[in-house]
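Colleague: Spelled out, the chains give:
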Amino acid sequence: MSQLAASGVGFLLVLSVLGIFAARRASGSRLIYAACAAVCAGLAGAALLRLLAPAAGLESVEIPVGLPLGRTFLGLDALSAAFAVIINLAASIVSGYAIGYAARAREPQRVVPFYPAFIAGMNLVLLAQDAFSFLVGWELMSLASWALVVSEHRSPENRRAALVYLIMASGGALTLLLAFGLLAGPEGGYSFEAIRRLRAPGVGPIVLLLALLGAGSKAGLVPLHAWLPLAHPAAPSHVSALMSGVMTKVAVYGFVRLVFDLAGAPAWWWSVPVLLIAAITALLGVLYALMEHDLKRLLAYHTVENIGIIFIGLGLALAFEASGLRAAAALAFAAAIFHVFNHSLFKSLLFMGSGAVLNATGERDMEHLGGLIRRMPVTAVAFLAGCIAISALPPFNGFVSEWLTFQAILLSPQLPQWVPRLLVPAVGATLACSAALAAACFVKAFGMSFLGRPRTVAASSAAETDRFSQIAMLSLALLCLLAGILPGFVLDSLGAVTQLAVGAKLAPQSAQAWLRIVPIDIHRSAYSGLFVFVMILLAAAATAFVVRRVASHALRRSPAWDCGFPDASPATQYTAGSFAQPIRRVFGSVVFRAREQVTLPKPGDTAVARLQVELRDTVWDALYAPIIRLVAATAERLNRMQFLTIRNYLTLVFAALVALLIIVGTWR
Amino acid sequence: MSPLDSDIAHLLAGSMVLLSFLLLYQDRMFALLNVFAFHAFALAGSVAWQAFEQRAPHLFITALIALLFKGVVIPVALRRIVVRLGIHRTIDTVVSIGPTMLFGIALVGLSIVVMLPVTQAEGAFVREDLAFALSVVLLGFLMMVTRRNAVSQVIGFMSLENGLVLAASGARGMPLVVEISVGFSVLIAFIVIGIFLFRIRERFDTVDLQALDMSRGES
Chain W
1 MSQLAASGVG FLLVLSVLGI FAARRASGSR LIYAACAAVC AGLAGAALLR LLAPAAGLES
61 VEIPVGLPLG RTFLGLDALS AAFAVIINLA ASIVSGYAIG YAARAREPQR VVPFYPAFIA
121 GMNLVLLAQD AFSFLVGWEL MSLASWALVV SEHRSPENRR AALVYLIMAS GGALTLLLAF
181 GLLAGPEGGY SFEAIRRLRA PGVGPIVLLL ALLGAGSKAG LVPLHAWLPL AHPAAPSHVS
241 ALMSGVMTKV AVYGFVRLVF DLAGAPAWWW SVPVLLIAAI TALLGVLYAL MEHDLKRLLA
301 YHTVENIGII FIGLGLALAF EASGLRAAAA LAFAAAIFHV FNHSLFKSLL FMGSGAVLNA
361 TGERDMEHLG GLIRRMPVTA VAFLAGCIAI SALPPFNGFV SEWLTFQAIL LSPQLPQWVP
421 RLLVPAVGAT LACSAALAAA CFVKAFGMSF LGRPRTVAAS SAAETDRFSQ IAMLSLALLC
481 LLAGILPGFV LDSLGAVTQL AVGAKLAPQS AQAWLRIVPI DIHRSAYSGL FVFVMILLAA
541 AATAFVVRRV ASHALRRSPA WDCGFPDASP ATQYTAGSFA QPIRRVFGSV VFRAREQVTL
601 PKPGDTAVAR LQVELRDTVW DALYAPIIRL VAATAERLNR MQFLTIRNYL TLVFAALVAL
661 LIIVGTWR
Chain S
1001 MSPLDSDIAH LLAGSMVLLS FLLLYQDRMF ALLNVFAFHA FALAGSVAWQ AFEQRAPHLF
1061 ITALIALLFK GVVIPVALRR IVVRLGIHRT IDTVVSIGPT MLFGIALVGL SIVVMLPVTQ
1121 AEGAFVREDL AFALSVVLLG FLMMVTRRNA VSQVIGFMSL ENGLVLAASG ARGMPLVVEI
1181 SVGFSVLIAF IVIGIFLFRI RERFDTVDLQ ALDMSRGES
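Residue numbers (this note's numbering), protein chains in the order written: chain W, 1 to 668; chain S, 1001 to 1219.
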């Protein structure tokens, strides 16, 4: 399997080179995307076989290139296999969507060559069994996705997004480099096997911190999320889907690999920073999303929220594992990985839906959309499925993983330390709050975009997207539903992963009656997705039946002031801004320092009334703006160095040399 | 190694340091070129002695290269350049000679302080040789920094390179290929710099590098 997976990565890299030539014609890019879809499907299949194989050891492929002191080891263990399934499944379907996109691409040569390289980089990170190839894959992923972000480089907004992204990505890679350097110890054994054997003492907390910084900046943990809502929407929609739905998962993998696998046994307090940051991330992410009216940026902010949910699960797993509650740790960890899987499905789906909308109308702003359900029924249905799933409503998959996370939270009274015992219920309340706000946010997203009447000409003249994209979106929607109805199978296949990460696995779930899942004990809690699904279907059918039978079919004439629509203008509809206003009133003054200003003209004056809302990004103002000012001031000072004479430069070099020699001479 | 052998090696390497100081002291162009030729002779002698000591015949080739190119060809060529440019006047220094010499002495002290503890594992012979070599490198650098005239900067660069060769030959020699390539690179650097000298003169009527700065609108 490992050989197969490694050759798949090689094949993707070849495709990337071929893409340079193939991108000249639409048919060529279609072919590249189709090949990507096939390779990713193959990789997902291979990884799934590896994941389900009973008790297979790690077989690694050795590649005789790499650092001068070592070779590259590639291989799939249970953890990387699970993530490889998640990533390649989503990537395969997104590539299928991209086949349809290829015909409409404006500058395909800026996208097609980097797309396979991006997927190859992500796969290389997962396959890596040594720090060197991990970091090479990580950088390949970052740089290829950066190139994709700047592919629409003509707008200054995108260029700024790409710059911020590049800075954050290089900073993240630097912290990971440091983490691996610490783990490898003074001997410098950079293969994961050597790191596990060494178990360098005392580095655990620092590695945790570095992993939170490095992997967290890629995943989008607050306050390192600043680049994410800029960069993800800037790329073409299928790339946004990959970056948001898939690349953030690679970051989660990096964190899990570093903290759960390589850093050694955790102490209980490791969970405290993780849980705190995760809860803040979940809440702030969804609040940002609620204030946002740009469809793709809204989705990007929701990625931040979902990463928070995933990290809540991981933090719980750390707390339970450190206290020896292995079964509870397995539950929390499985919930987190399940949510990783779910988020990769529905976030890709939602981004593809927003891409279809963007393509049909040229609009990303919800205030300019509306009524698309009639013009784009298939996209609307698929998008609705994604909205239900991300809002954690049964019977879709989002509900299951969040429910499992709550089950793990409810086990927190078993923890021996009082800090997490107090913290975890608070985190649970935050999670519940953000889940509710997420549902509100997606009511807004779907309602404003697809329901009501078209607010612009572009929205009223939209056409349904192409066949490939429809199939891709519908298949993801179907997968969301299936994972929600049959969660037992997903949980069972994660057994080997939890065994590797926290040393225990959940009881087998797929053998339970009625396809239900019983995470802890049948007397405590159980959930059957199928049962809920059937009940929802029955209730819906009964309601439809009753409405049809009981409601009158007679022709009615309505008065002019009907339902608050006295004016036929679409501008009188409820808007996204008005939908978000109550929540902005509650949270905005603290979190966003929101200011509202109403200017009313005097009686008799015919000037327009104005409502001005000012929102500020507190994280940016408090954290990033001072850093930017500092860097700018330093650069201003150093600018003088650029215009010295040759002799002055030589003097500088000479002075540096002498200073270093003095240090060497006086050090001991 | 008998004490006499090591004394001879020290004599030759030490004479290079002394000649570096002489280079720093010179304020006439022709004298500077002559001292540089002596510097190269001392290098050739030192390398040849190392070749004899280490029974390493390829070091003789290095010595020969040093003797021919740095001892004869480059000084002669530079002398012709100086004559054609007509710049055998006083050398413009940035820092006056006295402080430069004092600073040079401090540099020699520094290189001994640095080198002796670092190379504790090696024999005394290699250690002191390396300390001398580092002094020569630093003094060459100092010369490049404190001279304004392009020709004397070239001389500083060449003497710096002599120090590198001295260090390499002391540490059991470097591969012949590297030696020859270093030799050629120096030659090419010399040619390029020579051409530049003429170009600078054509443009500015002087080889004082201050003129370059002025043309950039500075100083």
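Derived from the structure by calculation, the hints contain no laboratory data.
Virtual Cβ for every residue (Gly too), placed ideally from N, Cα, C.
Possibly wrong hints are sitting among the right ones.
[What the hints assert, rightly or not] Below, a sample of chain S positions facing chain W; criterion: calculated Cβ distance under 8 Å: (1) Leu1068; (2) Ile1105; (3) Val1114; (4) Phe1141; (5) Met1144; (6) Val1145.
Colleague: If a hint holds in the structure, say so; if it doesn't, say that too.
Modeller: Consistency of the hints with the structure:
Taking 8 Å as the C-beta contact cut-off toward chain W, the hint placing S:Leu1068 at the interface is violated, the least distance being around 28 Å. Taken as an interface hint, S:Ile1105 does not check out: its beta carbon lies about 13 Å from the nearest beta carbon of chain W, beyond 8 Å. For S:Val1114, the interface hint holds, the least distance from its beta-carbon to any beta-carbon of chain W being 4 Å, beneath 8 Å. The closest approach between the C-beta of S:Phe1141 and any C-beta of chain W is roughly 5 Å, which is under the 8 Å cut-off, so the hint is satisfied.
Interface hint at S:Met1144: satisfied, since its Cβ lies 6 Å from the closest Cβ of chain W, which is below the 8 Å cut-off. Against a cut-off of 8 Å between C-beta atoms, the interface hint on S:Val1145 holds, since the closest Cβ of chain W lies about 5 Å away.
This entry does not satisfy hints 1, 2, going by the numbered hints stated previously.
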